[in-house]
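Chains as they are written, first to last, in our numbering: chain A, 1 to 111; chain B, 1 to 115.
What the hints contain is simulated information worked out from the structure, not anything from laboratory work. Among the clues, some could well be false.
Unchecked claim - Label pairs and their computed distance ranges (CB to CB): (1) A:R58 with B:G3: 20 to 26 Å; (2) A:Q106 with B:E103: 22 to 28 Å; (3) B:T20 with A:Y73: 19 to 25 Å; (4) B:D62 with A:T53: 20 to 26 Å; (5) A:S7 with B:N79: 37 to 43 Å; (6) B:I12 with A:Q3: 33 to 39 Å; (7) A:N18 with B:T20: 34 to 40 Å; (8) A:R58 with B:N79: 18 to 24 Å; (9) B:P8 with A:E103: 37 to 43 Å; (10) B:T5 with A:Q55: 42 to 48 Å; (11) A:S7 with B:L83: 29 to 35 Å; (12) B:T14 with A:T53: 30 to 36 Å; (13) B:T5 with A:G57: 34 to 40 Å.
Unchecked claim - Here are a few chain A residues that sit away from chain B, every Cβ distance over 10 Å (derived from the structure): (14) N18; (15) Q42; (16) Y69; (17) S76; (18) D81; (19) S97; (20) R98; (21) L99; (22) V109.
Cβ atoms here follow ideal geometry from the backbone N, Cα and C, with glycine treated the same way.
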Amino acid sequence: GIQVEQSPPDLILQEGANSTLRCNFSDSVNNLQWFHQNPWGQLINLFYIPSGTKQNGRLSATTVATERYSLLYISSSQTTDSGVYFCAVEDQETSGSRLTFGEGTQLTVNP
Amino acid sequence: DAGVTQSPTHLIKTRGQQVTLRCSPISGHKSVSWYQQVLGQGPQFIFQYYEKEERGRGNFPDRFSARQFPNYSSELNVNALLLGDSALYLCASSLGGVVLSGEQFFGPGTRLTVL
């Protein structure tokens, strides 16, 4: 099956700093989503981005499908940005809507 | 608009027991998927149902089963519980389709503890 690798596994920032999270995947995808998991376990949708670039406030994402990677940018980080960020993909070979998740990036933003 | 809802929020069972988890998708969504997330890992796909038919199954034993009802809500059943089944169980809904399902939206999860 498709492999999803996220880096870095852990990231510690001071409030106000910028960061880039990376997601590499091993095969062609129909769907790529970025999520933020809050301390209570809820997965919050950030971006649905199988290709191209999108922006939402301080967050933006870029997926280069031909090179099999996606980047999540967080600018002017805030303490509320802390949590785990997951990249998840739906590969083209498997029917249905099976998302394969990476292991996540644990982000800590200190005041 | 209501998001994906799941019940119960927490559950404590003992080994060997059976459990049923419930999920209601976003109104208009016809696809429901189930995921298991153990501590420190990303969610793992268990099942997907679309239009009341199983469309995908992950690498889980036959103790895990699911179904989807005419109103598109879904139940996940786990029999003969093991300690290793302790996890957060997440339900996701999407519009669904024959080939592409679209963006998936997750519920708050059911946290299952097996003693």
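How the hints compare with the structure:
1. A:R58 with B:G3: 20 to 26 Å: Once the Cβ atoms are compared, 23 Å apart, the range 20 to 26 Å for G3 of chain B and R58 of chain A holds.
2. A:Q106 with B:E103: 22 to 28 Å: Taking Cβ atoms as reference, Q106 of chain A and E103 of chain B lie about 24 Å apart, which means the hint holds.
3. B:T20 with A:Y73: 19 to 25 Å: At 42 Å between Cβs, range violated.
4. B:D62 with A:T53: 20 to 26 Å: violated, 44 Å
5. A:S7 with B:N79: 37 to 43 Å: Given range 37 to 43 Å: holds, Cβ gap about 38 Å.
6. B:I12 with A:Q3: 33 to 39 Å: The hint (33 to 39 Å, Cβ to Cβ) holds, given that I12 of chain B and Q3 of chain A are roughly 35 Å apart.
7. A:N18 with B:T20: 34 to 40 Å: Since N18 of chain A and T20 of chain B have Cβ atoms about 45 Å apart, the given range 34 to 40 Å is violated.
8. A:R58 with B:N79: 18 to 24 Å: About 46 Å separates the Cβ atoms of R58 of chain A and N79 of chain B, which means 18 to 24 Å is violated.
9. B:P8 with A:E103: 37 to 43 Å: Cβ of P8 of chain B to Cβ of E103 of chain A: about 28 Å, so the range 37 to 43 Å is violated.
10. B:T5 with A:Q55: 42 to 48 Å: The hint (42 to 48 Å, Cβ to Cβ) is violated, given that T5 of chain B and Q55 of chain A are roughly 30 Å apart.
11. A:S7 with B:L83: 29 to 35 Å: Hint holds: Cβ distance 32 Å, inside 29 to 35 Å.
12. B:T14 with A:T53: 30 to 36 Å: violated, 50 Å
13. B:T5 with A:G57: 34 to 40 Å: violated, 27 Å
14. N18: holds, 24 Å
15. Q42: violated, 5 Å
16. Y69: Holds: least Cβ distance 17 Å, greater than 10 Å.
17. S76: holds, 26 Å
18. D81: holds, 19 Å
19. S97: violated, 3 Å
20. R98: For R98 of chain A, whose nearest Cβ neighbour in chain B is about 5 Å away, the distance does not exceed 10 Å, so it is violated.
21. L99: violated, 6 Å
22. V109: holds, 20 Å
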